[in-house]
Structures are given as structure tokens and as C-alpha cells.
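Visitor: I would like the entire structure built from these sequences, with the hints used as guidance.
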Amino acid sequence: MRVRPGVATAAPVFAAAALMYTANCLLGSAVAAKLIDTSRFRWLHHALYIATCAAAAAALSAAWWGEPRRASRSAALALAPAAVPLTAVAFAGTRGRRHPIVALSAAPFVIAGLIRAYRPDDRN
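Going by the working numbering, the sequence shown wraps up at 124, each residue one higher than the last.
Treat the hints as calculated values from the structure; they're not laboratory data.
Have a look at the derived ranges for each label pair, beta carbon to beta carbon:
hint	residue 1	residue 2	range
1	Arg119	Lys34	35 to 41 Å
2	Arg97	Arg69	38 to 44 Å
3	Glu67	Ala47	28 to 34 Å
4	Ser29	Ala57	20 to 26 Å
Straight-line distance between alpha carbons at most 25 Å, and here's what the computed SDA-like set of lysine to any residue pairs gives:
hint	residue 1	residue 2
5	Lys34	Arg98
6	Lys34	His45
7	Lys34	Ser105
8	Lys34	Ala90
9	Lys34	Ala92
10	Lys34	His99
11	Lys34	Gly96
12	Lys34	Gly93
13	Lys34	Ala47
14	Lys34	Leu44
15	Lys34	Phe91
16	Lys34	Leu19
17	Lys34	Arg97
18	Lys34	Thr22
Quick caveat: nothing in here was measured; it's all calculated off a predicted structure. Even for Gly, the Cβ is constructed at its ideal location relative to N, Cα and C.
Guide: Structure, rendered in C-alpha cells:
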């Protein structure tokens, strides 16, 4: 796959992490709004959560292997704070407001990592 000069080679990994996170949030929101009944396949939300965490971990590892180094490290640093809410959401309980608030608190960092991964590094 060819990437524009100055754009992190790990950009697709950041896109995958953002896509998994978005899919997980959309599914959780749809279940909370009772638009979807996942009682027969409750594992789907958990599988998306695991995929989100794995993709975020892969994106964070781009700080060591991504090229150009500066863009990859910048994107990984922007994404790094998302690890806290992604870890805490598993212990936030599923009833009440705490779970969605903790889950959504990762959104700014996921978006920032995605933007930094696709932004050319040739700026001063």
C-alpha cells in the first residue's frame, strides 16, 4: 500500500482502531436506546471491545515501528490517553450513566490519534 510522503505508515492501523471504537460505541448506543436487542448475541459487544483494545494497542506500538518516526510517535502520543478509559470501562458497570461516559471519554484521543496519523509531517 502506498502512503503519501510524510504520512505515517501506521495510519491504516489508527483508522482500524477508530473504526472498531466507533462500531463499539454505535452498538452500545443502539442497545441502550433499545433499537437493537443483543440478548442472544451479547458476546458481540465484548468482541468489539477486545478488537478495539487490540487495534488501539497496535496503533500505540507504531511509536516504535511506524515511519516517518515523528508522525507515528505524534499519533501514538495523541492516542495514548485513550488507554485509561478503555481500561476503566470494563469496571464501570453496564447500568446507569457511568459506562457510556467513561467509554465516550476516549473519543477525543482516538480522533486526535487518527488525525495526527493522516496529517503530513512536513509542517513546521
